[in-house]
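Enquirer: Sequence lines, in order, name chains A and B.
If you use the numbering used here, the first sequence corresponds to residues 1 to 326, in order.
If you use the numbering used here, the second sequence corresponds to residues 1 to 326, in order.
Treat the hints loosely; a few may be bogus.
The list treats identical chains as one, so a pair stands whether inside a single copy or across any two.
[What the hints assert, rightly or not] Cut-off 20 Å, straight-line C-alpha distance, at most; resulting in silico cross-link-like pairs (SDA-like, lysine to any residue):
hint	residue 1	residue 2
1	Lys240	Leu147
2	Lys297	Glu141
3	Lys270	Pro45
4	Lys270	Ala41
5	Lys92	Val111
6	Lys92	His112
7	Lys189	Val266
8	Lys240	Gly289
9	Lys186	Asp89
10	Lys297	Glu69
Derived from the structure by calculation, the hints contain no laboratory data.
Letter by letter, the chains look like this.
Protein chains: 2
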Amino acid sequence: MHILIIGAAGMIGRKLSERLISENALAGRKIETLTLADVIAPQAPAFAGKTVLETVDLSLAGEAERLIETRPDVIFHLAAIVSAEAEADFEKGYRINLDGTRYLFEAIRRVHEKDGYRPRLVFASSIAVFGAPMTYPVADEFHTTPLTSYGTQKAISELLLSDYSRRGFFDGIGIRLPTVCIRPGKPNKAASSFFSGILREPLSGQEAILPVDDSVRHWHASPRSAVGFMLHAATIDLEKVGSRRNLSMPGLSATVGEQIDALRRVAGAKAVSLIRRERDDNIARICEGWAPGFEAKRARALGFVAEASFDEIIQVYIEDEMGGRL
Amino acid sequence: MHILIIGAAGMIGRKLSERLISENALAGRKIETLTLADVIAPQAPAFAGKTVLETVDLSLAGEAERLIETRPDVIFHLAAIVSAEAEADFEKGYRINLDGTRYLFEAIRRVHEKDGYRPRLVFASSIAVFGAPMTYPVADEFHTTPLTSYGTQKAISELLLSDYSRRGFFDGIGIRLPTVCIRPGKPNKAASSFFSGILREPLSGQEAILPVDDSVRHWHASPRSAVGFMLHAATIDLEKVGSRRNLSMPGLSATVGEQIDALRRVAGAKAVSLIRRERDDNIARICEGWAPGFEAKRARALGFVAEASFDEIIQVYIEDEMGGRL
């Protein structure tokens, strides 16, 4: 079996590669070839099978064709520029997040038209396809009215994925990831960075800034769950999914206050004392447009699983990023 | 004021032109120039102001720019290939219905970036953005999961329209038209053709074929209402519409049986006897994927108005297409 990961150098892409390599199989089939593609050169993993590293920009002519001519059985499409960048650079956002995705889908369609090639395609979508006002919890049938260009590009890609799947060009499934928490690494410029920061930094004895009120409610899943969604999406029986191929993934709806309570239970009051409240009206306003949580009934019924408590999300971070101990 | 109608040679485009010419004003401003554009040469109407006729294919390079450099104040974008053709010719559908629309939006954006040009843009969307299963009536917040490429292209255009409007490139509003009934003219190959045919042909003493059961429920508005939606959309205060710029228009939910009852009331049993029941399983199956009706709460609250009974829809046809008498 040949697996292609586009966007392999990103945080989820790396964790997905590691997991696939450690299992060395997908749906009971041995992985012969793993192609890791990204705009920046992906690092070579320690993999017993064949590894192909590709530096590609899907939005350039011929790049998607080059990837697809090797006929991967399963394609994970995680490549995107993030929300803040897509908002700051309108043209780049549409070029990378929309045109790049469409070129990939078109490259697959052209091979399909020739000889019936029909890979499984797992697309990383986002809860950014939704925009306020939203009722809580958001139902599976709620409309996608994004309030960012990034969310618009993801929502359009979802529509294309459904239509290309309906036409039989590929077997597509789009999974709307919750905010991934706790992200490993350093704080970044994303407005959502603090959701991870207020846990990650105190767990390492460092100060973190909380720019919003404790009452802010949001929708979370761990990196481990995100990878789990990808693998389940790659192997699930799509007959059961039917024509509505884009699914809001399960997750945990929690307020910032509930995140902090979990931190106190797991790491103690000293960790909590490292959170410094410093309100940022701009970030607080952006948060108001975000989803507080989803029913995710369909995804749960289809076997997608996420954490049930923030204690668990913190525990996953300690296990996967801190060697299992504080 | 300069008004541009793209798709002016179509049925709604012609009626919209006629109405604008007869009123010779929009929102109290005199119409100085009316530009009628279509892939087939539009006919010159009897208009006292300046008329410009343009034969254009928006999907060709430079065509949208050429239209936009004349800086129309209001743009009606009705151009599209129909559902059956978009389904039969995948590439043509995406080229005309998606790329053509995007090129138009991009042409406006480029002029906007230069000098702040920001026209009102009214986009003719469709209830085809929705796909079965649907509850009846469909709520304003119901998701768009189209089951055709045409519906996919309209749903994507809606998303682009919202994002371009949010960015301030133009003042866009998308209006999801119900099935237009009674369409004047001859039967066509659209699966929905019979909804008009079973009324139009008997009203002229001709036989019509009914391919589905009397219980089939669907969503209708007259051509006159469709034009009314366009004009209202062109003049409405968009502050009131907010960020969700795509609206399901009001209409009349009726079963085929209710259509026939109205025909009996308006034109008598003899007209009804001209309906020949000849089931077509293919058309019946297609109908199952269509919307039975909508709440259209937002559109109604914003002042969009449609017919309240099928008697009224038939009466509109008699007035507008038959000189007011049977």
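Enquirer: Which hint numbers doesn't this structure obey?
Expert: Checked against the structure, the hints that fail are numbers 3, 4, 7, 9, 10, while the rest are satisfied.
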